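Asks: Line order of the protein sequences matches chains P and Y. FYI, this note's numbering numbers position 34 of the first sequence as 1114, with every residue one higher than the one before it. FYI, this note's numbering numbers position 241 of the second sequence as 620, with every residue one higher than the one before it.
It is worth saying that the hints were derived from the structure and are not from the lab. Only a predicted model underlies this, so the values are computations on that prediction, with no experimental measurement involved. Heads up, some of the hints might be wrong.
Distance condition first, Cα-Cα at most 35 angstroms in a straight line; then the derived DSBU-like pairs of lysine-lysine [said to hold, decoys possible]:
| id | chain 1 | residue 1 | chain 2 | residue 2 |
| --- | --- | --- | --- | --- |
| 1 | P | Lys1533 | Y | Lys382 |
| 2 | P | Lys1549 | Y | Lys504 |
| 3 | Y | Lys501 | P | Lys1357 |
| 4 | Y | Lys605 | Y | Lys382 |
| 5 | Y | Lys501 | Y | Lys573 |
| 6 | P | Lys1125 | P | Lys1357 |
| 7 | Y | Lys544 | P | Lys1504 |
| 8 | Y | Lys479 | P | Lys1504 |
Selected chain Y positions facing chain P (Cβ under 8 angstroms, derived; list incomplete) [unchecked claim]:
| id | residue |
| --- | --- |
| 9 | Glu452 |
| 10 | Ile469 |
| 11 | Glu484 |
Beta carbons are placed, not taken as given, at the ideal position from N, Cα and C, and that holds for glycine.
Spelled out, the chains give:
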Amino acid sequence: MQTEDELIEEITNSEYKYGFYTDMDADQAPKGLSEDIIRFISAKKNEPDWMLEYRLNAYRIWEKMEEPEWAHLGYAKPDFQDLHYYSAPKPKVQLDSLDEVDPELLETFKKLGISIEEQERLTGVAVDVVIDSVSVATSFKKKLGELGIIFCSFSEAVQDHPELVRKYLGTVVPTTDNFYATLNSAVFTDGSFCYIPKGKKCPMELSTYFRINEANTGQFERTLVIADEGSYVSYLEGCTAPMRDENQLHAAVVELVALDDAEIKYSTIQNWYPGSKEGKGGIYNFVTKRGLCMDRAKISWTQVETGSAVTWKYPGCILKGNNSIGEFYSVAVTSNHQQADTGSKMIHIGKNTKSTIISKGISAGQAQNSYRGLVKINKGATNARNFTQCDSLLMGNNCGAHTFPYIEVNNQSSKVEHEATTSKIGEDQIFYCKQRGMDETTAINLIVNGYCKEVLNQLPMEFAVEAQKLLEISLEGSVG
Amino acid sequence: MIKIENLHASIEGTEILTGINLEVKAGEVHAIMGPNGSGKSTLANVLAGRDEYEVTEGSVDFLGEDLLDMEPEDRSRAGLFLAFQYPVEIPGVSNINFLKTAINEAREKRGEDPMPAKDFLKRVKEKSKLVELDGRLANRSVNEGFSGGEKKRNEIFQMAMLDPKLAVLDETDSGLDIDALRIVANGVNELKTKDNASIVITHYQRLLDYIVPDFVHVLYQGKIVKTGPKELALELEERGYDWIIKELEEVTA
Ligand SMILES: Nc1ncnc2c1ncn2[C@@H]1O[C@H](COP(=O)(O)OP(=O)(O)OP(=O)(O)O)[C@@H](O)[C@H]1O
Ligand SMILES: [Mg+2]
Chain P
1081 MQTEDELIEE ITNSEYKYGF YTDMDADQAP KGLSEDIIRF ISAKKNEPDW MLEYRLNAYR
1141 IWEKMEEPEW AHLGYAKPDF QDLHYYSAPK PKVQLDSLDE VDPELLETFK KLGISIEEQE
1201 RLTGVAVDVV IDSVSVATSF KKKLGELGII FCSFSEAVQD HPELVRKYLG TVVPTTDNFY
1261 ATLNSAVFTD GSFCYIPKGK KCPMELSTYF RINEANTGQF ERTLVIADEG SYVSYLEGCT
1321 APMRDENQLH AAVVELVALD DAEIKYSTIQ NWYPGSKEGK GGIYNFVTKR GLCMDRAKIS
1381 WTQVETGSAV TWKYPGCILK GNNSIGEFYS VAVTSNHQQA DTGSKMIHIG KNTKSTIISK
1441 GISAGQAQNS YRGLVKINKG ATNARNFTQC DSLLMGNNCG AHTFPYIEVN NQSSKVEHEA
1501 TTSKIGEDQI FYCKQRGMDE TTAINLIVNG YCKEVLNQLP MEFAVEAQKL LEISLEGSVG
Chain Y
380 MIKIENLHAS IEGTEILTGI NLEVKAGEVH AIMGPNGSGK STLANVLAGR DEYEVTEGSV
440 DFLGEDLLDM EPEDRSRAGL FLAFQYPVEI PGVSNINFLK TAINEAREKR GEDPMPAKDF
500 LKRVKEKSKL VELDGRLANR SVNEGFSGGE KKRNEIFQMA MLDPKLAVLD ETDSGLDIDA
560 LRIVANGVNE LKTKDNASIV ITHYQRLLDY IVPDFVHVLY QGKIVKTGPK ELALELEERG
620 YDWIIKELEE VTA
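Whole structure, please, built from the sequences with the hints as guidance.
Replies: Given below as structure tokens:
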């Protein structure tokens, strides 16, 4: 007699015999999404059963979900059955010299002040430098290893640290969270994993930069950072080099867990291809980022977003522990036909929790930039505090800025402050700068950098310098 | 240095400058006085190249070049400085960074290397002393939260840093207390050489006790209607402008 469990297993496994699951050598899954495809991905990655179950569960939920509509975003919805959900990690195309690289890309590199070596590394030109950076990465890994810090790809973590992944995956962004996060939970291909042990302070900024030569993480990236009690880590994501990608849809999920007294600083520079000046092409960037703070923990999000055709993201914090702190500092630039709907969600659950939101939007051209923020104070969150400041800067007459603050207060002892300003870049300011001998472009850069200063100051030094250059390039020729 | 001939300028269709003639030579200080709304700031702004104003007639020669044909930033780089009547605030941009950007951009256009940080800081120290500008103001955002007097002092500090050939000071004395006035005036005097010149726009003879002008001009309804030696300023202070206007009417009548 079969037990009920065995029966279920047989039924679910029987699908393996059919479909294309047997075709294990395929480098790419056929287009479309189904349970078979998910089993295929999971098998390709040699995942344990619990991981497959996690994915399947997410897929079943996703199937019943509706893609959300956004009042201030307009774009052609992706056809989810017309995508490949798995491609074998391909080594980057090896080029023999920079002469073979898109000149426009090189021009941007030059403006960013990226060294020749770096340009070669980023564009995949085969040179010794690559080996250098691998060796740097290896020596970093060794040093981290001595402290018990784990920093590896998500796939490696599933193999080598399944207990940690299993314990925390989906605890901050549950599978049911939202359409894109649920899709990501079903089909994510890779991403980063980081664990800082109790009481350890990570001695260097952890950067995806050191992992760039590893397998292409693809369009459904998954990141999990866990800071154990009393630990500290600063994590950098992205880089200023323009990222071109064949995949139009990007739906990443980032989960941060800061246990008691821990602190996580997470900085992002996002510069995906924004599409042409006429608004053709470009990346759709639908990201779910959230952190969980336990007692006295602190999570700080800082982001400089200049890329993507459509951006939808609300990094936030669940302030579950008493005396925990959440911060969000953001600069979002939209120019030409770019659209952004970003903001932050701060959920106050613990007592004496504090959150700060500083959002700076810059719109130029025909761009639309919306701030959408949620501050929620739960009943038990005695003495919770929030301060929100969201500023919009308009360049030209055809762009728009919109602010949608949602505030929900269920505890009378809390204090929520919201300030918002919209300003146009001042003719007076520009003229003042010109009178002192600056070109219009220099003047605008100076004014914009000043406007973003509070946010840029939050970035680690080197990243801040890069971010400044990036802002300059993004706004080039925006006012005329 | 500068030669303004028959300058006419209007804004939004209203003619404000109605034929200005003025020549300033190297080493000279010219004062321009005149009732509110007579066009003093307009003249300053037109010289600096503000594009809201339309020059409809006339010419301006600055150091042998056609000033009106130059972009505002090129006028600045050629040595024209305007101390604004209402200096603008630029949040988040430190005074130091602002000046460094300005100076180095001008140097770059001349094909020179950026000023070494050491020299720059030395200059900041030296010049902020000259106008007794509180060291902290140099690090604060440009004019943000500065008091009225501090803003004016900051204009002179910037002028000292940029070392212009021709400085136009638009009511730099208004809003200054008596000590600040002396400090600002001393700054201007210290910077005076036989190779540079200034045009000082003011309502008060008081400033001219400190900055002694070679000529005093009266601007009225967009024209210079009277020019005299420094004593003219004293007379204006005592008698106001009515007598000049009367004189004028008698002539035209
Ligand atoms: N945008 C504008 N449209 C119409 N008239 C203007 C505009 N801007 C300035 N004016 C006028 O131009 C005239 C000259 O102004 P200006 O600022 O040059 O005077 P001023 O001599 O500097 O006066 P004050 O002593 O008050 O500083 C004034 O009558 C003013 O109202
Ligand atoms: Mg005036």
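Asks: Assess, step by step, whether the Cα of lysine 501 of chain Y is no farther than 35 angstroms from the Cα of lysine 1357 of chain P, and give holds or violated.
Replies: violated, 45 angstroms
Asks: Lysine 1125 of chain P and lysine 1357 of chain P were given as a pair; does the straight-line alpha-carbon distance stay at or below 35 angstroms?
Replies: violated, 39 angstroms
Asks: Under 8 angstroms is the threshold here; is the Cβ of isoleucine 469 of chain Y close enough to any Cβ of chain P for the hint to stand?
Replies: holds, 6 angstroms
Asks: Straight-line Cα separation of lysine 479 of chain Y and lysine 1504 of chain P no greater than 35 angstroms?
Replies: Within the cut-off at roughly 25 angstroms; holds.
Asks: Measure nothing beyond the straight line between the CA atoms of lysine 1549 of chain P and lysine 504 of chain Y; if it is 35 angstroms or shorter, mark the hint as holding.
Replies: holds, 29 angstroms
Asks: Can the hint on glutamate 452 of chain Y be confirmed by a CB-to-CB distance to chain P that is less than 8 angstroms?
Replies: holds, 5 angstroms
Asks: Check whether the Cα positions of lysine 605 of chain Y and lysine 382 of chain Y lie no farther apart than 35 angstroms.
Replies: The hint holds at about 17 angstroms.
Asks: So, glutamate 484 of chain Y near chain P? Judge it on the closest CB pair being under 8 angstroms.
Replies: holds, 5 angstroms
Asks: For the pair we were handed, lysine 501 of chain Y and lysine 573 of chain Y, check the Cα-Cα distance against 35 angstroms.
Replies: The given pair, whose Cα atoms are some 24 angstroms apart, holds under the 35 angstroms limit.
Asks: Taking only the CA atoms, is the gap from lysine 1533 of chain P to lysine 382 of chain Y under or equal to 35 angstroms?
Replies: violated, 43 angstroms
Asks: For the pair supplied as a hint, lysine 544 of chain Y and lysine 1504 of chain P, confirm whether the alpha-carbon distance does not exceed 35 angstroms.
Replies: Since the Cα atoms of lysine 544 of chain Y and lysine 1504 of chain P sit roughly 33 angstroms apart, the hinted pair holds (cutoff 35 angstroms).
Taken one by one, the earlier hints fail for this structure at numbers 1, 3, 6, listed in ascending order.
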